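Protein chains in written order, with the numbering used here: chain A, 189 to 491; chain B, 259 to 591.
Just so you know, the hints here were simulated from the structure itself, not pulled from any lab data.
A quick note: this is a predicted structure, and the numbers were derived from the prediction, not measured.
Check each hint, because a few of them may be wrong.
Computed spacing ranges between beta-carbons, pair by pair [unchecked claim]: (1) Ile-393/A / Gly-401/B: 31 to 41 angstroms; (2) Asp-290/A / His-314/B: 39 to 49 angstroms; (3) Asp-290/A / Ser-316/B: 38 to 48 angstroms; (4) Asp-312/A / Glu-530/B: 27 to 37 angstroms; (5) Glu-466/A / Val-548/B: 56 to 66 angstroms; (6) Ala-405/A / Pro-382/B: 50 to 60 angstroms; (7) Glu-424/B / Arg-395/A: 28 to 38 angstroms; (8) Asn-286/B / Leu-214/A: 50 to 60 angstroms; (9) Gly-401/B / Gln-340/A: 19 to 29 angstroms; (10) Gly-449/B / Asp-290/A: 37 to 47 angstroms; (11) Leu-214/A / Gly-449/B: 52 to 62 angstroms; (12) Glu-477/B / Leu-300/A: 51 to 61 angstroms; (13) Gln-320/B / Ser-386/A: 32 to 42 angstroms; (14) Gln-445/B / Arg-426/A: 53 to 63 angstroms.
Built from N, CA and C at the ideal position, the CB exists for glycine as well.
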Amino acid sequence: MTLTLRSISEEVPQSPAMDLEKQLALAAAFVRRHSIASIYHAGSGHPGGAMSCADLLACLFGAELNFWPSGIDDPHRDRFVLSKGHAAPALYAVGAHYGFCDAKAALRLRKLGSPFQGHPHVLDLPWVETSTGSLGQGLSVALGMAMGLRMQRSAARVYTLLGDGELQEGEVWEAAMCAAHHELDNLCVLIDYNKLQSDNRNDLIMRLEPLAAKWRAFDWAIAEIDGHDIPQILSTLRRAGATQNRPSVIIAHTVKGKGVSYMENVPSWHGSVKLTREQAEDALLSLGASRNEIKEFLDVDGG
Amino acid sequence: MSMVAEAPALIGTSGDSLREAFGKALSNLADEFPKLVVLDADIAGGTGVHHFRTSHPSRLLQFGIAEQNMMAAAGGLAAVGLLPVVTTFAVFCLRAVEQARLSLAYSRRNAKIVASHPGLDVGPDGGSAQALEDLAAFRAIPGMTVISPADPIEMALATRAILEFEGPVYMRTGRSAAKRLFGDDHQFAIGRGRIIRQGTDVTLVACGVEVARALEAAETLAQESVSARVVNMATIKPIDVELLASCAVDTGAIVTAEDHNIYGGLGSAVAETLAITRPCPVEFVGVKDVFGASGEPEELANLYGLTAPHIVRAAHRAIARKQRISGRRKNFR
Numbered sequence: 189m190t191l192t193l194r195s196i197s198e199e200v201p202q203s204p205a206m207d208l209e210k211q212l213a214l215a216a217a218f219v220r221r222h223s224i225a226s227i228y229h230a231g232s233g234h235p236g237g238a239m240s241c242a243d244l245l246a247c248l249f250g251a252e253l254n255f256w257p258s259g260i261d262d263p264h265r266d267r268f269v270l271s272k273g274h275a276a277p278a279l280y281a282v283g284a285h286y287g288f289c290d291a292k293a294a295l296r297l298r299k300l301g302s303p304f305q306g307h308p309h310v311l312d313l314p315w316v317e318t319s320t321g322s323l324g325q326g327l328s329v330a331l332g333m334a335m336g337l338r339m340q341r342s343a344a345r346v347y348t349l350l351g352d353g354e355l356q357e358g359e360v361w362e363a364a365m366c367a368a369h370h371e372l373d374n375l376c377v378l379i380d381y382n383k384l385q386s387d388n389r390n391d392l393i394m395r396l397e398p399l400a401a402k403w404r405a406f407d408w409a410i411a412e413i414d415g416h417d418i419p420q421i422l423s424t425l426r427r428a429g430a431t432q433n434r435p436s437v438i439i440a441h442t443v444k445g446k447g448v449s450y451m452e453n454v455p456s457w458h459g460s461v462k463l464t465r466e467q468a469e470d471a472l473l474s475l476g477a478s479r480n481e482i483k484e485f486l487d488v489d490g491g
Numbered sequence: 259m260s261m262v263a264e265a266p267a268l269i270g271t272s273g274d275s276l277r278e279a280f281g282k283a284l285s286n287l288a289d290e291f292p293k294l295v296v297l298d299a300d301i302a303g304g305t306g307v308h309h310f311r312t313s314h315p316s317r318l319l320q321f322g323i324a325e326q327n328m329m330a331a332a333g334g335l336a337a338v339g340l341l342p343v344v345t346t347f348a349v350f351c352l353r354a355v356e357q358a359r360l361s362l363a364y365s366r367r368n369a370k371i372v373a374s375h376p377g378l379d380v381g382p383d384g385g386s387a388q389a390l391e392d393l394a395a396f397r398a399i400p401g402m403t404v405i406s407p408a409d410p411i412e413m414a415l416a417t418r419a420i421l422e423f424e425g426p427v428y429m430r431t432g433r434s435a436a437k438r439l440f441g442d443d444h445q446f447a448i449g450r451g452r453i454i455r456q457g458t459d460v461t462l463v464a465c466g467v468e469v470a471r472a473l474e475a476a477e478t479l480a481q482e483s484v485s486a487r488v489v490n491m492a493t494i495k496p497i498d499v500e501l502l503a504s505c506a507v508d509t510g511a512i513v514t515a516e517d518h519n520i521y522g523g524l525g526s527a528v529a530e531t532l533a534i535t536r537p538c539p540v541e542f543v544g545v546k547d548v549f550g551a552s553g554e555p556e557e558l559a560n561l562y563g564l565t566a567p568h569i570v571r572a573a574h575r576a577i578a579r580k581q582r583i584s585g586r587r588k589n590f591r
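Can you build the whole structure from these sequences, using the hints too?
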């Protein structure tokens with residue numbers, strides 16, 4: 189099959205924009221709840237950064253990417269690379285929501301024999317496009333994809349989501365220089381700028397600011413947005429798609445642990461943590477899950 | 259009167275080095291492999307890739323002096339159906355080992371890494387430029403095939419072979435002029451070692467520049483009435499297990515020779531294999547866990563123990579050990 193449509197929003201013009209935004213908000217809520225549940229069952233995993241990027245992932249998979257479960261082998265599909273591979277639970281959850289994998293199977297996160305490894309692995313799940321988990325490499329792989337697609341005259345675009353702490357990796361800036369030099373306007377970087385990293389705040393570990401100025405100096409088209417504002421994410425992605433002769437970067441200001449009151453902006457929820465039953469229930473309640481949903485998420489067998 | 263300076267002669271772009279043979283082969287094969295793209299980190303003049311740059315400029319992808327990005331980007335190029343060949347110096351491949359691990363091998367990409375300037379063969383650039391650890395590092399990555407051809411004819415054949423092969427490959431070329439060892443009828447297959455001189459007393463197993471020295475050593479040994487077999491082990495991984503076992507049975511003594519640290523490269527691969535098939539005395543010719551220094555390749559080979567006379571002495575040691583073992587066996591009876 190050949191994918192030609194830029195986005196679902198254009199594919200279904202009769203659907204009012206408001207409905208799409210509602211759908212995406214529901215998708216983001218599902219991503220957060222499913223991530224909490226899978227991390228609870230796994231007994232380890234990174235909840236903070238999964239919460240912060242949920243709205244970005246929902247907008248990409250629900251409205252922007254030319255990528256559907258029926259077309260995972262289509263050479264002209266858009267590519268998405270999760271460069272911040274530790275947010276794998278959120279990627280699996282958004283994949284489950286949009287039919288790339290089974291939602292119940294994806295609760296077997298980090299389990300022996302499960303394809304849902306702690307970090308995405310392309311041989312286990314082809315739709316994750318490339319294996320990630322070592323920060324800094326995803327952008328380079330995405331760059332190679334963008335370069336290769338352009339050489340083959342494909343209209344497909346390549347998107348990659350980076351963490352903010354990840355920007356401390358030198359390879360990111362090698363790639364930033366390279367993408368601008370080669371004028372890869374089919375490449376779009378999203379930065380989940382939640383201001384926290386493994387041990388502490390970015391500005392205490394290794395300062396990133398002035399961040400927009402850095403990307404501007406590397407000659408990227410830049411946008412700075414609220415990474416939880418769905419209409420703003422959608423319109424910015426659309427504008428990025430129209431950028432010519434320059435790669436684009438969307439610096440999305442986010443809140444780490446977004447939606448889970450006790451996690452928001454607390455660095456200790458970044459790292460791999462073990463959630464108790466009570467913490468998982470509190471988190472799901474905080475995310476608006478019903479009692480039934482909570483039972484469904486947390487009482488599955490084989491978890 | 260205007261003074262026009264002559265362009266300086268590029269060192270190494272002339273002559274019969276393995277890197278030149280590789281660059282010419284790539285250029286010759288490009289039309290046959292339309293998906294082939296070559297990645298360069300501002301060093302095409304040194305890697306032999308300048309031939310490809312001239313013949314197929316649109317398929318030479320420039321990454322600047324940034325090898326980590328180049329290595330991982332090869333994974334992306336392979337993911338969208340191209341056939342990427344990453345080219346740089348061996349020492350800079352070491353810098354991107356982790357990218358080769360995650361974005362090429364772990365993702366099982368059909369991407370090739372071709373490294374020029376390996377070992378003491380680099381010569382005057384000195385210790386910082388002489389990669390003596392690359393075979394060990396890349397051999398330790400699951401699914402990575404590791405190759406080190408011995409002469410220009412074999413390099414051309416190996417270049418075709420890695421393009422036809424499906425999966426990640428690390429291949430060494432070489433900086434200095436390489437002796438021509440093989441005829442036009444030479445054959446190369448990934449994973450196959452070849453006996454290039456028959457012998458019964460000891461087997462010299464070599465790769466890369468050490469193959470020529472092993473042949474020279476066998477000649478010396480013959481004058482001393484020692485019959486040395488020489489094996490060109492151009493594929494270090496997967497190593498030719500059957501051939502090694504048969505050499506151990508036939509000759510009972512093995513010497514390995516490589517322009518690499520004695521830890522982790524060809525010698526280690528041979529010893530690991532023989533330990534579980536046909537254990538026999540093995541002597542290692544290689545750099546003894548130290549860094550190199552500036553000097554001409556032959557001077558360095560002499561200083562660090564890689565020359566034909568060093569191989570000869572190692573052969574005598576291996577044969578003496580074999581005889582001690584067989585002597586003990588006789589006494590025991």
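Do the hints match the structure? See the list:
no.	hint	result
1	Ile-393/A / Gly-401/B: 31 to 41 angstroms	holds (35 angstroms)
2	Asp-290/A / His-314/B: 39 to 49 angstroms	holds (45 angstroms)
3	Asp-290/A / Ser-316/B: 38 to 48 angstroms	holds (44 angstroms)
4	Asp-312/A / Glu-530/B: 27 to 37 angstroms	holds (30 angstroms)
5	Glu-466/A / Val-548/B: 56 to 66 angstroms	holds (59 angstroms)
6	Ala-405/A / Pro-382/B: 50 to 60 angstroms	violated (38 angstroms)
7	Glu-424/B / Arg-395/A: 28 to 38 angstroms	violated (45 angstroms)
8	Asn-286/B / Leu-214/A: 50 to 60 angstroms	holds (58 angstroms)
9	Gly-401/B / Gln-340/A: 19 to 29 angstroms	holds (26 angstroms)
10	Gly-449/B / Asp-290/A: 37 to 47 angstroms	holds (40 angstroms)
11	Leu-214/A / Gly-449/B: 52 to 62 angstroms	holds (54 angstroms)
12	Glu-477/B / Leu-300/A: 51 to 61 angstroms	holds (57 angstroms)
13	Gln-320/B / Ser-386/A: 32 to 42 angstroms	holds (35 angstroms)
14	Gln-445/B / Arg-426/A: 53 to 63 angstroms	holds (57 angstroms)
In this structure, the earlier hints numbered 6 and 7 are contradicted, and the remaining ones agree with it.
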